[in-house]
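Protein sequences, first through last, are from chains A and B. Going by our numbering, the first sequence opens with residue 1, and the numbers climb by one from there. Going by our numbering, the second sequence opens with residue 1, and the numbers climb by one from there.
Don't read these hints as lab results, they were simulated from the structure. Incorrect hints may have been included.
As the list claims (entries may be wrong) - The list that follows gives simulated cross-link-like pairs (lysine-lysine, DSBU-like), each with its CA atoms no further than 35 Å apart:
#1 Lys433(A) <-> Lys137(B)
#2 Lys19(A) <-> Lys75(A)
#3 Lys212(B) <-> Lys19(A)
#4 Lys212(B) <-> Lys433(A)
#5 Lys19(A) <-> Lys127(A)
None of these values were measured; they are calculated from a predicted model.
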Amino acid sequence: MSRILTVAGREFRHTVLTKAFFLGSVVVPIVIVLVSIGAEMFLKPTIPPMAGKLAIIDGGPALIAALEENLAPPKPKTSTIDPTQRPEELVKAAMAEAATQTATKTRPDTSELRLVSQPVQELDAIKEGIRDGSWVGAIEVSPGSLSPDAPRGGSAVIWLAPSAASSHVDLLTGSTRQAVVDARLRGMGMSPEVVRAAVDRPSIETIRIGSGGGEQSESKLTRYLVPVGFMILMWIVTFTGGNYLLMSTIEEKSTRVIEVLLSATSPTGLLAGKILGFAGVSAVMLAMYLLVAIVMMILFAAVDLITPGDIILGASFFIIAYLMLAAIMAGIGSAVSDITEAQSLMGPAMLVLMLPMLLIPVITEDPNGTVAVVASFIPPLSPFIMVLRVAASPEPLALFEVLLALAWAIICAGGMIWAAGRIFRVGVLMQGKPPSPLEMLRWIRYR
Amino acid sequence: MTDLSNTIDIRNVTKRFGSVTAVQDLNLAVPEGCLIGFLGPNGAGKSTTIRMIMSIIYADEGGIEVLGRSALDSKDRIGYLPEERGLYRRMRVRAFLRYIGRLKGMTRASADASAANWLDRLELPEALPRRCEELSKGQQQKIQFVAAVLHDPDLIVLDEPFSGLDPVNAALLSGVIQELHDQGRTIVFSTHVLHQAEQLCDRIFLIDRGVKLLDDDIMSIRDRFRERIVNVELAEGATLPSFPGTRVVASTEHADQYELHVDDGVNEQAIMRSVIEAAPIRSVSLREPSLNDIFTRLVTKGTSQ
């Protein structure tokens, strides 16, 4: 056991205590957290104010009134977030408010903007004024655009200085469109506010009635984002850990240091130490990214989205997924002499390993469908699929099914590690042409 | 029955790789404190035997005991310098030797102290803080030798220890090996350079195509293969007639050099006189067979059979 820990310690230290790992797995998550928290403070966009005269060419009083209304600085709104809301509702409200606040902050200040109606004959002089800065710009709405039967919704032209900020262009474009529609509605005797309220689509909550009589609200956020996010994170972290194991095995084999190691410990002990060491590496990576996720959830007051049961199950399936990937990577790493040879064997393995990603839409759409259930029992897909199913299922999965899948995954992981150990024992001493996958399977039977 | 005075006991061991039998029904006993040379042509089964002694691979049939226990249980008491040598390129020498020492059951402090001591002995103390990739091939070779002896093993297995070393460093290493032998360590020494084996070893194990051809101490081997050989170097353009009671072997390297293997009961002095009288010569001398002669004879005989 002490040898296993010695090997594990070396693999862990020589991977984690490197600049590449520090940058990729520690600095990047910390930067994500800092950017998320500090974006408000450090990344405030500088929006130049829109001040001066804006010419409205041949605009009638209805259009000018509608434009003045749309270009006026927005009035401050009171928060609609109710802390007593359910977590998913709270997240939705917080995200909506954050979006509104962002839109307000990126809108140019128009408190010093003055709209001036001008005849079309003055347009050339106004264009000259736009060039020398005496006019902010000019809007010319084509005749007939305010009529309800204007072809293709009417049209308008906005003249601006070459140096005009894109936020100015966006504001004038959006406001002109809205003003034309508002003026048109008022001309028809309708209130734009009333019409907008009438066409505002309702929010709909889906509630599934459980077989046990309970009710569960269905939120797209909890149903898709959390399980898919965790599964992708699990895939990335286990794959990266497995890849480190592959590279380390190839290095030891290609530099011939493997034989010195095997003179000190058994192939099984060496493999066990490597798997343990890189499990630690994967755990550090997972911890760093989970830290980011937890900070995000705290920021959005959504910690309740994850239960302790989810954490235990997620950790169990993470360990199993890592062991399965480690077994595949160790088998491949021991059989080849360099990374080019490894790539040829990684091709078929990658096809299988990519399946959980490809199956995301199928599993989240129907977590209890035939594909989902069958894939739950196929290694190495099972841990990834089960994480998706447990989190995405509108109704909790039957406990026996979860336990059965867990037990089966543990047996399969054990079998894969055993087979990898047999392949590793033979492969690390082989030189020359890399074996075919079939030949590697034959190595399992070697004494 | 295991003889406790034997460091290595190999009994009826057979090892196959697919359809190839690498070692066949091998029996070998290496006495404690012995410096034994493992000799044999390429692919003879030397490395396979060594790997089985190190329990890196396992025999299909038969059994191996090392230091009175199974080979696997004795790993901490064996030092091994493999033929295929390597180091972690980016690792520092101190960290590498500490890692190997820890794997061999040493504490961190004792591994560090032993590494420093051995590098001093091998005149390479400055290597400790350096990365392995920064060292020359010969220096890397020395580091790997240190890795093999760091933990003060009772059995030391050295597979081609002098390859890659210049004559000065080869002599230095040879002295260290002799010193370890004098201290009573059992040393298994595999080599293709037969005169090195002849100088260092007190016992020889010769294997060819997985079958043991010879296993005895040097003195007994010399007695057993005692033969008189007359070396003849002819003058340019001269030809050597045949002499009754001898077998003529032409040199493969020099066209005008010959060896006359004198049969039992024939006077070698009379043969030498006959040579001088029969042809113009540059030199004629008498010698006993070297290990190289015995090796060639046994392997050639094995091949012809």
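Verification of the hints:
1. Lys433(A) <-> Lys137(B): The hint holds at about 26 Å.
2. Lys19(A) <-> Lys75(A): violated (50 Å)
3. Lys212(B) <-> Lys19(A): Violated, because 53 Å separates the two Cα atoms, which is more than 35 Å.
4. Lys212(B) <-> Lys433(A): At roughly 30 Å apart (the allowed maximum being 35 Å), Lys433(A) and Lys212(B) satisfy the hint.
5. Lys19(A) <-> Lys127(A): violated (58 Å)
Checked against the numbered hints given earlier, the structure breaks hints 2, 3 and 5 and satisfies all the rest.
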